[in-house]
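Q: Residue strings, one per chain:
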Amino acid sequence: MSRKASEYRSHVKPIWCPGCGDYAVLNALTRAFASLELRNENIMVASGIGCSSRFPAFLKTYGIHGVHGRPLPLATGIKLGNPSLTVVAVGGDGDGFSIGGGHIPHAARRNIDLPYIVMDNNIYGMTKGQPSPTSPRGLQRKASPYGSQERPLNPILMTLAYGTTFVARAFSGQPKQMADIFRQALLHPGFAFVQVLSPCITFHNTYDHYREICRPLPEGHNAQDLQAAMTAALETETQYLGIFYRDDQQLPYSRRLQLLRDRAPKLTLETVLDRFRR
Amino acid sequence: MSNHDADPTVVIRFGGEGGQGTITLGDLFTRIAARLGLEVYSFRTYPAEIKGGQVTYQTRLGLQRVLSEGDEADVMVALNNRAWMECHEDLCARSAFIHEASLEMPPHCGRGYPIPAAQIARQHEWERGYNFVFLGALMWFFRWDLQLAEEVVRERMQRHPQSLEHNLNLMQAGYDYARDHYPEPFPHTLPQPESVEERLILSGADALALGALAAGCKFYAGYPITPATPVMESLAKYLPSFDGSLVQAEDEIAAINMAIGGSIAGLRSMTATSGPGLSLMIEAMGLASMTETPLVVLDVQRAGPSTGLPTKTSQGDLLIAMYGSHGAAPRFVLAPDSVKDCYYQMFNAFSLSEYFQMPVVVLCDQAMASRVETVPYPNDLWGEADDPFPWCRPLERQRPTTEALQGDYRRYRDTEEGISPMSEPGMPGGIYLAESLEHDEYGYPNQDPENHERMMAKRTRKMEVARKMLNTWKMSARRWGHRGASFGIIGWGSTRGAVREAMAMLEAQGILIEALYPHSLRPMPDKEVLDFLDTKKAILIPELNFTGQFRRVIEHHYYKDLDVRDIHVHQLTKEQGLPFKVREIYEAVLKMIAQEREQWVAEQGDLVSVYEAVERLEEGANES
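Protein sequences, first through last, are from chains A and B. Heads up: the first sequence begins at 1 in our numbering, then just goes up one per residue. Heads up: the second sequence begins at 1 in our numbering, then just goes up one per residue.
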């Protein structure tokens, strides 16, 4: 490998607490960049708001730290603006599944060609520990002193149902596998959703819990089989890690729009104005 | 004929139930008139329902450029009774009343011309073509060439080949019926122009879309919303042919964020929306201000608040467009004042946003976006060559030089004008973070107190630079009327037509006033405004919103100047979902002048009594 992961890191020191799962994500993503020998200036990372969304500042790539919940629309615009870029959307579970939850089905529907990495710590960390859409029911925090009353989302099942063409789960406790999943997601010609179980060491430490229940996908899991992927996703007592589903045959969105442009008759402003002559 | 005979116009109003083809009828009639060489100006108002509800389409024809849709209807074409019931105030003894034969005749109307359109359509077994019977009858009344009408109908209805022949048959039948039953001359016609000038026939929405194409827009992300959707539909059709793309986003928040993404990646990007969508876009407009990303946001205003009157016009979004943001986020606000101007202001919007790396809001409204006008071919697109101000020319965003990229490149370099050369993803050496947090010159988060103030100043400085440049731009405002008059009108946007016409009426009475319509509302063209105010005793600020938003802006912005010059501000507001009538402006001006006169007399009276009191005091002092 001629590129090193460290070559993708900026001088900015992450704001994350020592032991935060997001460090592993940062390492794994830069390793994936290095393994693909991507040029720094050809990468752009878009994020929302939250601890994990500070991500782009720690990278020596183009980046945007946008408003809360909108990394997918930003990344979609960037990719369509310049399809030759490697564009990655990142954020947390609050950013992605709560305020920004409405964008995931549409990114999937479009099959926009970029990975979306959600660092899922099952909690709002930056605002100091309120239940998130993936918190277990009954979680007691200051904002839920009697226990949260909502059921957690199942992000893998949800994104599979949306028709996402690449669905995977990784765990910060297994960084090597995560880097490989990121590499595959970057190579996938379409929308790639990766849920990373990335514990919040300060407000909701789930390292031990996830170490206990995380397993590789069952031997012989066929990632082309949507039903098998859904069956594996339905299993919540065990959290499977790996690529649940993958369909590389669908045309990515930027390519579709390129085809529209290619097929459209070339017009000049004058010819269009002429159509409006009385 | 309306108004003065020197400049004759005819106002034709069509009214019917939604789904009866009223809009199609009005639109075809308008296009036929334009094809004939007449100048046209239309207005439509329709209900929020798809089918049902009352629809009104008004078109005004003239030999010279038509300035507004007109107040009183010379000709009423009524497809149902409600058509005249709703607008009986605008009918008079002169009005010709063309109506479905089975309807009642309005009590105070001029001559009636019943047409048994329903019966004729039934006889032809094509009841859907009801409206075409009226179109044919109108061709006879106006003595227009039926062949020319057929040509226009064929062009407009290409996509409905099955209905076309049926409709044409009914048009012929309507023509024949009117010819056989009403052989005498029709009281409201216009002579056919001797020469047909080069004109485009454009809706405001068309003009906005074409202006965007002319400006090099390559990326549009938007969400459907009445009345802005036609702009999206137009661009959906044409953008791929201009190597551009359009995305129908999942909501307005996604739309504006996609446009910001597209712009950062290097494309001239825009979104368009209406009030509720603008409310949703406010946060991301702040992101564009903070990350200094070029972005054009078109707002086709409708009456609010909340869902409001979705299909009706308003100028109620002025304050949110200018100031709606948390923190202080610099942005430009432009206001086209005619269909033609929609084209140019969209163009300017892209130039400004690219050059200053800032969001630009363009404020249009339902009435202007949906009306159709004949406008001159835009061959003066690039402005005058000696125009010192670069607006009206396609300005580019500044890119860093190769040297800058090889050295210590700072995306947000704190320059004299506040504008920092902007790199683009893919450029080696140009890597930066577009950071919504306060950031340093490189884009990295920085919360230092001094840095925050310095970067706020940097971003705001761009507005000040633009403000100065604006003073040298000839087209920063439209100013007309009697130069140096004591009474004036300051307005913005689509109300200009009615104001122009009211001023012509006033002038005919010997009342000379002057008007000013700024094209840029933020920043305001101060030099032009102050020069205008210099001679004024009182100004009238007419606008289509409830609280007088523009009046507040003017008073807020120029309070010292108004005070020093002792200029009285009068407001005329209207919030009915409808444009101003010419008469409303006319009467408001007369009222302003009358009030000023009374006040002047009263003040003289006060002064007299004060002088007398002082004199008495002085006399008393002398005596003691």
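Hints in this document: simulated from the structure, not taken from any laboratory. Don't take each hint at face value.
[What the hints assert, rightly or not] Covered by chain B, according to a simulated footprint, are these stretches of chain A (three or more residues, beta-carbon under 8 Å):
1. 21-29
2. 52-66
3. 75-81
4. 101-109
5. 173-181
[Unchecked claim] Simulated restraints on C-beta separations:
6. B:546 to A:102: 41 to 51 Å
7. B:415 to A:255: 34 to 44 Å
8. A:35 to B:467: 27 to 37 Å
9. B:64 to A:109: 24 to 34 Å
10. B:406 to A:15: 25 to 35 Å
11. B:460 to A:102: 47 to 57 Å
12. B:460 to A:218: 41 to 51 Å
[To be verified] Mimicking DSBU-like on lysine-lysine, the simulated pairs with C-alpha atoms at most 30 Å apart in a straight line are:
13. A:266 to B:237
14. A:266 to B:340
15. B:537 to B:560
16. A:13 to B:537
We treat Cβ as the ideally placed atom computed from N, Cα and C, and that holds for glycine.
Q: If a hint holds in the structure, say so; if it doesn't, say that too.
A: We went through each hint and held it up to the structure:
{"no.": "1", "hint": "21-29", "in the structure": "violated (count 0)"}
{"no.": "2", "hint": "52-66", "in the structure": "holds (count 10)"}
{"no.": "3", "hint": "75-81", "in the structure": "holds (count 7)"}
{"no.": "4", "hint": "101-109", "in the structure": "holds (count 4)"}
{"no.": "5", "hint": "173-181", "in the structure": "violated (count 0)"}
{"no.": "6", "hint": "B:546 to A:102: 41 to 51 Å", "in the structure": "violated, 33 Å"}
{"no.": "7", "hint": "B:415 to A:255: 34 to 44 Å", "in the structure": "holds, 39 Å"}
{"no.": "8", "hint": "A:35 to B:467: 27 to 37 Å", "in the structure": "violated, 52 Å"}
{"no.": "9", "hint": "B:64 to A:109: 24 to 34 Å", "in the structure": "violated, 52 Å"}
{"no.": "10", "hint": "B:406 to A:15: 25 to 35 Å", "in the structure": "holds, 31 Å"}
{"no.": "11", "hint": "B:460 to A:102: 47 to 57 Å", "in the structure": "violated, 34 Å"}
{"no.": "12", "hint": "B:460 to A:218: 41 to 51 Å", "in the structure": "violated, 59 Å"}
{"no.": "13", "hint": "A:266 to B:237", "in the structure": "holds, 12 Å"}
{"no.": "14", "hint": "A:266 to B:340", "in the structure": "holds, 25 Å"}
{"no.": "15", "hint": "B:537 to B:560", "in the structure": "holds, 15 Å"}
{"no.": "16", "hint": "A:13 to B:537", "in the structure": "violated, 63 Å"}
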